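Protein chains: 2
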Amino acid sequence: MSYSVQEHIKNLPSKKKDLIKTEKAIRLDLSESPYPASPKVAKAILEAVPNINRYPETLGGYLRNALVNYTGAREEQIIIGNGSDDLIDLILKVFVSSQEQILVPIPTFPWYWLSAKAQGKNVLFADRTENFGLNVDTLLEKVTSKVKVIFIANPNNPTGNIIPRSTLIELIERVNCLIVVDECYFELSQQTVADLIDTYSNLVVLRSFSKGFALAGLRIGYAIANEVLIDSLYKVAQFFCVNRLAQVAGIAALHDLVYLRSQIQYVERERTHLIENFSKLGFTVYPSVTNFILIGTKTLDITSNHLVKLLESKDIYVKDCGFSPGLDGFHFRTSIGNYTENKALLTAVNEIISFPIFA
Amino acid sequence: MSYSVQEHIKNLPSKKKDLIKTEKAIRLDLSESPYPASPKVAKAILEAVPNINRYPETLGGYLRNALVNYTGAREEQIIIGNGSDDLIDLILKVFVSSQEQILVPIPTFPWYWLSAKAQGKNVLFADRTENFGLNVDTLLEKVTSKVKVIFIANPNNPTGNIIPRSTLIELIERVNCLIVVDECYFELSQQTVADLIDTYSNLVVLRSFSKGFALAGLRIGYAIANEVLIDSLYKVAQFFCVNRLAQVAGIAALHDLVYLRSQIQYVERERTHLIENFSKLGFTVYPSVTNFILIGTKTLDITSNHLVKLLESKDIYVKDCGFSPGLDGFHFRTSIGNYTENKALLTAVNEIISFPIFA
Numbered sequence: 001m002s003y004s005v006q007e008h009i010k011n012l013p014s015k016k017k018d019l020i021k022t023e024k025a026i027r028l029d030l031s032e033s034p035y036p037a038s039p040k041v042a043k044a045i046l047e048a049v050p051n052i053n054r055y056p057e058t059l060g061g062y063l064r065n066a067l068v069n070y071t072g073a074r075e076e077q078i079i080i081g082n083g084s085d086d087l088i089d090l091i092l093k094v095f096v097s098s099q100e101q102i103l104v105p106i107p108t109f110p111w112y113w114l115s116a117k118a119q120g121k122n123v124l125f126a127d128r129t130e131n132f133g134l135n136v137d138t139l140l141e142k143v144t145s146k147v148k149v150i151f152i153a154n155p156n157n158p159t160g161n162i163i164p165r166s167t168l169i170e171l172i173e174r175v176n177c178l179i180v181v182d183e184c185y186f187e188l189s190q191q192t193v194a195d196l197i198d199t200y201s202n203l204v205v206l207r208s209f210s211k212g213f214a215l216a217g218l219r220i221g222y223a224i225a226n227e228v229l230i231d232s233l234y235k236v237a238q239f240f241c242v243n244r245l246a247q248v249a250g251i252a253a254l255h256d257l258v259y260l261r262s263q264i265q266y267v268e269r270e271r272t273h274l275i276e277n278f279s280k281l282g283f284t285v286y287p288s289v290t291n292f293i294l295i296g297t298k299t300l301d302i303t304s305n306h307l308v309k310l311l312e313s314k315d316i317y318v319k320d321c322g323f324s325p326g327l328d329g330f331h332f333r334t335s336i337g338n339y340t341e342n343k344a345l346l347t348a349v350n351e352i353i354s355f356p357i358f359a
Numbered sequence: 001m002s003y004s005v006q007e008h009i010k011n012l013p014s015k016k017k018d019l020i021k022t023e024k025a026i027r028l029d030l031s032e033s034p035y036p037a038s039p040k041v042a043k044a045i046l047e048a049v050p051n052i053n054r055y056p057e058t059l060g061g062y063l064r065n066a067l068v069n070y071t072g073a074r075e076e077q078i079i080i081g082n083g084s085d086d087l088i089d090l091i092l093k094v095f096v097s098s099q100e101q102i103l104v105p106i107p108t109f110p111w112y113w114l115s116a117k118a119q120g121k122n123v124l125f126a127d128r129t130e131n132f133g134l135n136v137d138t139l140l141e142k143v144t145s146k147v148k149v150i151f152i153a154n155p156n157n158p159t160g161n162i163i164p165r166s167t168l169i170e171l172i173e174r175v176n177c178l179i180v181v182d183e184c185y186f187e188l189s190q191q192t193v194a195d196l197i198d199t200y201s202n203l204v205v206l207r208s209f210s211k212g213f214a215l216a217g218l219r220i221g222y223a224i225a226n227e228v229l230i231d232s233l234y235k236v237a238q239f240f241c242v243n244r245l246a247q248v249a250g251i252a253a254l255h256d257l258v259y260l261r262s263q264i265q266y267v268e269r270e271r272t273h274l275i276e277n278f279s280k281l282g283f284t285v286y287p288s289v290t291n292f293i294l295i296g297t298k299t300l301d302i303t304s305n306h307l308v309k310l311l312e313s314k315d316i317y318v319k320d321c322g323f324s325p326g327l328d329g330f331h332f333r334t335s336i337g338n339y340t341e342n343k344a345l346l347t348a349v350n351e352i353i354s355f356p357i358f359a
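Line by line, the protein sequences give chains Y and Z.
Read in order, the letters of the first sequence are residues 1 to 359 in our numbering.
Read in order, the letters of the second sequence are residues 1 to 359 in our numbering.
Simulated from the structure, these hints should not be mistaken for lab results.
All values derive from a computational prediction rather than experimental measurement.
A portion of the hints provided could be inaccurate.
[To be verified] Distance condition first, Cα-Cα at most 30 Å in a straight line; then the derived DSS-like pairs of lysine-lysine:
1. Y:Lys-43 to Z:Lys-24
2. Z:Lys-24 to Z:Lys-10
3. Y:Lys-117 to Z:Lys-15
4. Y:Lys-43 to Z:Lys-298
5. Y:Lys-117 to Z:Lys-146
6. Y:Lys-40 to Z:Lys-309
7. Z:Lys-146 to Z:Lys-117
8. Y:Lys-43 to Z:Lys-17
9. Y:Lys-40 to Z:Lys-40
10. Z:Lys-10 to Z:Lys-117
11. Z:Lys-280 to Z:Lys-146
[To be verified] Pair by pair, the computed Cβ-Cβ distance ranges are:
12. Y:Leu-46 to Z:Glu-23: 10 to 20 Å
13. Y:Arg-74 to Z:Lys-314: 46 to 56 Å
14. Y:Thr-340 to Z:Leu-257: 52 to 62 Å
We put the CB at the ideal spot given by N, CA and C, even for glycine.
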C-alpha cells in the first residue's frame, strides 16, 4: 500500500509542537496583547455558548456587517477568515498559480512565504532599505509578469516600522499585480490604506482581531478589497471557516472601542518604558508603532540566539529573529508585556549581560 | 490596475449568505445536534475566556493528546483541523496535484468535490449501488493511476447508511491510492476502521466534534492516519488553525462520554419516532445510523424542492437533496431535531400533503 505526496511538500520542514511549558512562563514571543479582551467580549461569548451545537453563520455572518462602520468598506468588500493566516492561504490559492511568483520584502512576517511554499508557489525576496523602509524602484526591478502578489506588512513585523502612505500608493500605481497590505497592527499604528480599495482594484488590506483587540486565541482576520476580488476569495473559502464564538466576540469587540483605546494607551506607555530601558542597557532599539519592539544585540557582543536561550532558562520567552531572512544573528523581538512582565524581562536581561562571561 | 484570478476559479459559483432568518426558525437542514453540548464543555470555555488574548497552542495542543485514549491512535497519528472541511482541504493540497484526480462515490457530502474544484483538481464521480452501498469492482473500474484519493463518507451523508467494514478493507487492499473514510458520524454509528491505520498506510480516517459531541459551532475535526502521512499534513497546515476555545471544549467533551451517550440515546429515540411517522405519511424513508434521515417524496408525487419551499414558508428548514449528484428531484434530508422540532416538522408536512392541491 502506498500513497503519493506532492513533490514540493516532501522538502518542507516538519512542524514542531510549541506547548507552554509552565503556568508561570512569561510569553513575550508572539506579539500578543498582555491584557485581556474587553469584558463585553467575555459576555458575548457566554451568551453564545448555549448555541455551540449549531454551525456558525456562513460568510462571516453578522461580523461582516459589524465591520462596515469600523472599516468604511461595504459588506461585499469584506471577507472574514480563520485568522489572517487563513486569508493569506486563500489569496495565494486564488491569485497565484504554481508557475507564478510572489514578492516579499524582507525582513517580514514569515507566513507569506511559508504558505506559498506549502502550496508549491515560488517566492522572490527583496531587501528592505537600511531602516527597513521600501524603495519602490528597487522593488520594481524584481517585478516581472510572473509576480502576481506583493506582500507588505505595514507596520512591519518584526521591525515595527511603518511605510508612508505615499510610498504604498506609488507602488500600487506602478505595478499590475496585487498588493496585499497587511495591517494587522492597525489599531496600534492608526495608519491605513483601506480607504483606497475603491480607487485601486489591485489593493487588498488585511486586518486582524489578534493584536489591538486582544483576541489572538479566537482566530479572526479579515480582508478588505473590491467586491469582485472578495467574491473570488469566498468562492474558494470553506463555508464554516469562522467559529461561532469568534464571530460574536469580534462583534462585541467592535462595540467597545473605548476599551480598545485604553488598552492601547497602556501598551504605548509600557513600550516607551521598555525602549528607554533597553537603550540604557546599551542595546540597539528600533522605533516601533506596534505592540512589540525589535532589539539589536550586536553592541553588547552577544548573539540573539544566546540571549534568547538564557532568557528561556529563566522561563521568559522572546522571539529570536537571528534566523529571519533579512536580519543577521543579532536581533530579537519582544512583545510589550504588562508592567510585571516587562520588569521581569528587563531584570533578567540586565542579569545576563552583567554576568562576567559577557563583560 | 488589474490582477489575475486562476483560470479554474473563474467558473466556480459565488457563495451566497445563509443567515438565520428568525429566532423561531426550526433548523433541521444542517444535521446538527438538537441538544446543547455537555455542561463540562461550557465550564471549560468559561475558564479559558480570560486567556483568549493568547494564541492557541500549535498543532492542536493538548487536544491531540486527549484523543489518544478515545481513538486508540498515537498522538503522532492525529491531526486537528478547523473542522473536518479544513482537513479535506489539506488532504487535497498534500496528496493531489492539479493534473491528478479524486474519486467520489455519489450521492455524498459535497465538500469533497467542491474543495477539489476550488483547488483546480479533477473530480471523478462513481455511482453507488441502488441502496447507496459500494461495489468494489465497479469502483475499481474508475481507478486509474491518476486517481490519488477516494473519499467515502461512512456513514454516508445524505443517505444515512453505512458500508460494511469488510467492503472497506477490500477496497483499501485493492487500490494504491489513499482512501479517506469520513467517520464524522462515528459517535452515532459506532463503527470505525480507525484501528486499521497501522495496517494500511493508505488509510485516513476523518472525524468530527460537530455531530455526536454537538460542537458544530466550534469547528473541530481530526484525522487519524500513519505518522508519516500526518506529518505531511501538518507541514502544510497553519500554525494556529484551531481556536483556543475549541481546543478546551474538545478536551472537555471527551471527558464527558456519559453525557454523549445519553444525548445519542435521545437522538435514536427521536429518529425511530420520525421514521415511523414519515413512513405512515407515505414517504419513502431510508434506514439511518446517523442524526439525520433521507426521505423520498416520489410516492407522494411532490418534488422535494416544492416541499422544502413550502416548509420554509412555515419557518422550518430541511435540506433539499433533489439537486445532489446521484439523487433525483424527489429527496430531502432532515436532521433529527428535538421532540418539539420533530413534532412541528411532522405537523407541517402533514398539512402540506393533505392540502387539496396535492390530493
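These are the hints, each one checked on the structure:
no., hint, result
1, Y:Lys-43 to Z:Lys-24, "holds, 23 Å"
2, Z:Lys-24 to Z:Lys-10, "violated, 38 Å"
3, Y:Lys-117 to Z:Lys-15, "holds, 28 Å"
4, Y:Lys-43 to Z:Lys-298, "violated, 49 Å"
5, Y:Lys-117 to Z:Lys-146, "holds, 24 Å"
6, Y:Lys-40 to Z:Lys-309, "violated, 39 Å"
7, Z:Lys-146 to Z:Lys-117, "holds, 16 Å"
8, Y:Lys-43 to Z:Lys-17, "holds, 26 Å"
9, Y:Lys-40 to Z:Lys-40, "holds, 23 Å"
10, Z:Lys-10 to Z:Lys-117, "holds, 11 Å"
11, Z:Lys-280 to Z:Lys-146, "violated, 47 Å"
12, Y:Leu-46 to Z:Glu-23: 10 to 20 Å, "holds, 18 Å"
13, Y:Arg-74 to Z:Lys-314: 46 to 56 Å, "violated, 34 Å"
14, Y:Thr-340 to Z:Leu-257: 52 to 62 Å, "violated, 41 Å"
This entry does not satisfy hints 2, 4, 6, 11, 13, 14, going by the numbered hints stated previously.
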